[in-house]
Every structure is written in structure tokens, then in C-alpha cells.
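My request is simple: use the sequences and hints to build the entire structure.
Quick note, in UniProt numbering, the sequence shown goes up one by one and the last residue is 347.
Just so you know, the hints here were simulated from the structure itself, not pulled from any lab data. In this text, a Cβ means the ideal position worked out from N, Cα and C, and glycines have one as well. Careful, some of the hints might be misleading.
To be verified - When the alpha-carbon atoms are kept at most 30 angstroms apart in a straight line, the in silico DSS-like pairs for lysine-lysine are as follows: (1) K234 to K221; (2) K234 to K175; (3) K218 to K234; (4) K58 to K175; (5) K218 to K175; (6) K221 to K175; (7) K175 to K261; (8) K221 to K58; (9) K58 to K218; (10) K270 to K218.
Said to hold, decoys possible - Using C-beta positions, here's what the derived DEER-type ranges look like: (11) L335 to Q271: 39 to 49 angstroms; (12) L6 to Q271: 26 to 36 angstroms; (13) N224 to S113: 17 to 27 angstroms; (14) Q266 to V53: 41 to 51 angstroms; (15) L282 to M322: 36 to 46 angstroms; (16) N169 to P50: 50 to 60 angstroms; (17) I93 to L318: 44 to 54 angstroms; (18) A22 to M322: 40 to 50 angstroms; (19) Q172 to P274: 29 to 39 angstroms; (20) I93 to P42: 32 to 42 angstroms.
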Amino acid sequence: MNPYILATLLFGLGLGTTITFASSHWLLAWMGLEINTLAILPLMAHHHHPRAVEATTKYFLTQATAAATILFASTTNAWLTGQWDILQMTHPIPTNMVLLSLALKIGLAPMHSWLPEVLQGLDLTTGLILSTWQKLAPFALLLQIQPNTSTLVLLGLTSTLVGGWGGLNQTQLRKILAYSSIAHLGWMLLILQFAPSLTFLALLMYIVMTSSLFLIFKLNKATNINTLATSWAKSPMLTSVTPLLLLSLGGLPPLSGFMPKWLILQELTKQDLPLAATLAALTALLSLYFYLRLSYTMALTLAPNSLTGITPWRLPHLQTTMPTSIFTTLSLFLLPLTPAAITLLIL
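Written out as C-alpha cells, the structure is:
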């Protein structure tokens, strides 16, 4: 892709998200979301592969549907209450409509079925943008609305269950990461109405851990589980760290991924929702199973010592490794900073 076109598209991505961040009016927020969607479509389709074009079409249709629903809900809210302000979503009907359309935008269960298919049709770099940056603008709106409704807990529990269940039988890494994304977003939605700051913390931790995993898979040129078995020949040190990163995504102590889950379960218990906390903790075990599957393939299996198994390390790669090392370090060692994170979020 022409670097000037790439720079324009990336600027469009940043501009769309920033407009949504800065807006207090529904029309402006909707414009930001539309700019965001239009900027990522050429990045998704630039490979001219049938799978990429199919993924782009599916993404466009789902995002257009969600954006139209948001516009309709905000117009309904203005008609019912006389307010276009995002913070003035007081009527339950438009509030639930916006909530469901934002859930469709970020791929929450039961509106999740487009996400694994779309992610599978993209390369790892665009998949990284879709899994991290594209979640920011809808979550900014969710944090502003803060809908006080039981729909949130229901959506959150459904997402954690579907995210864990759907990833069990997958062999494609991008689909596994898509289901992992659905499960993590479910955790964020569970706690949104009780402690929005914890949702923000969980979103930040999810972005850090997912970014590091995408960058590692890109470094190893891995797209399915079988290719992970040869990664020891390409980068042995990184291969020894990756299982820890996967366990961090699963939420095991003493790794960074344990922090948001621990705080969310604690808050749910404080809010007299022990059943929701128990169900969320049990569904996390489903996700942990497929993270352990990937860890087993990388660390405890050796590929046949054939030519394809031992030659990849001879080929130099052009990817910069600094972002990978920074994100991986953050994904593993942030747990001792939990008190500082809580203090910053309360302030």
C-alpha cells in the first residue's frame, strides 16, 4: 500500500476515535464511529484475497447496521426527552437500543458471530487494530451512558460463556483470539454499571495482552496451532515467554491478567452478586483450557526435526521487536502495581 494512503487511513482511524472520545452530542459521536469504520475498510481489503474481501463486506454490513441503530436510538431519545446529550440517556427504550447496537459493534454475545469470521479473513496487523483500537470508541460511549440495567450483566455472562465455549474446538489462532476477545469484553461489561473504572482497567489490560500476543504470532508468522510447534526454531526465548503470556490472558496469578479478574470478582461480591461472580469465574476456566492448549503446543511439543522445522531461524525478519518486548513485559509483571492502579482509578 502507498505510504501516503496508509498514513491518511491511520489518521482517519485516529480522528474517528478522537471525535467519539470528545463528543457529548450523539450526532458527533455517530460521525466519529462512521469515520472510524470507513478508515479501516481499505486496510482490511488491501490484500485483494477473497477471504479478505468477504471479511471486509461482513464487517461493513455489521458496523453499518449498528451505526444506523445508534442513530435511530439517539433520534428516539431526542424525541422522547428533548435531549441529544450522550449523558442524558434516561429513557429505557433508547438506552437498551444503544446498548445492543454498541454490543454488535464490538462483537459481544449473542451479536458476536461476525467477529471470528471477520478476524479469520484478515492479516495479523489489521486483526490487531480490529481487536484493540476499534474497541475504544464504543467503550467510550458505554462508559458515558453507564446504563443501569440488568441487560449488562446478562450480556456480560453470555459473552464470557460463548467466548470460552466457542474457542474450545478451534485450531486457527485468529479465531481463538476472537473468542478470547469476546470473553474479555464480557468481563468488562459485567462490572460496567457498578465500577466503570474497573471496566477501563480491564480494557487497558486486555489491549496490552492481546497486542503482545498478536505481535508474537506475527513475528513467528503463525496462523494456526500446528505452526506454533515450529516457533522454538525461530525465537527460543520468545517461545519460552509466550506460555506465560497465554496464562496471563487466562487470568492466573501472579501474572498481570489476574489483576482485572480479581478486582472484578471482588466488586461483584460486594454488590451482592455472588452467582454472577461464580459463573464468570467458572466460564474463565473454559478460556483457560484453550490458552493451555496453545501453551502445550508451543512449550511441550517439538515439531519433527525436518528441514521445515529447523530452517526458519536462518531467515532474518524485518519486524521491529521493541513493541513486542514492551507489551510482553507489561503483560507479565504488572500485578504488584495493583494498589497504584486502584489509587489512580479512584482519583
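Comparing the hints with the structure gives:
1. K234 to K221: holds (10 angstroms)
2. K234 to K175: Holds - the C-alpha atoms of K175 and K234 are around 23 angstroms apart, at most 30 angstroms.
3. K218 to K234: Roughly 12 angstroms between the alpha carbons, so the hint for K218 and K234 holds.
4. K58 to K175: holds (15 angstroms)
5. K218 to K175: Cα-Cα ~15 angstroms, so holds.
6. K221 to K175: At roughly 16 angstroms apart (the allowed maximum being 30 angstroms), K175 and K221 satisfy the hint.
7. K175 to K261: holds (23 angstroms)
8. K221 to K58: Given that 30 angstroms is the threshold and the Cα spacing comes to 25 angstroms, the pair holds.
9. K58 to K218: Roughly 24 angstroms between the alpha carbons, so the hint for K58 and K218 holds.
10. K270 to K218: violated (41 angstroms)
11. L335 to Q271: 39 to 49 angstroms: With a Cβ separation near 23 angstroms, L335 and Q271 fall outside 39 to 49 angstroms, so the hint is violated.
12. L6 to Q271: 26 to 36 angstroms: violated (45 angstroms)
13. N224 to S113: 17 to 27 angstroms: holds (21 angstroms)
14. Q266 to V53: 41 to 51 angstroms: With Cβ atoms ~46 angstroms apart, the hint holds.
15. L282 to M322: 36 to 46 angstroms: This hint holds: roughly 38 angstroms between Cβ atoms.
16. N169 to P50: 50 to 60 angstroms: Between N169 and P50, where Cβ atoms are some 24 angstroms apart, the hint is violated.
17. I93 to L318: 44 to 54 angstroms: With Cβ atoms ~53 angstroms apart, the hint holds.
18. A22 to M322: 40 to 50 angstroms: violated (30 angstroms)
19. Q172 to P274: 29 to 39 angstroms: Since Q172 and P274 have Cβ atoms about 36 angstroms apart, the given range 29 to 39 angstroms holds.
20. I93 to P42: 32 to 42 angstroms: Holds, at about 36 angstroms.
Violation of the numbered hints given earlier is confined to hints 10, 11, 12, 16, 18; the remaining hints are satisfied by the structure.
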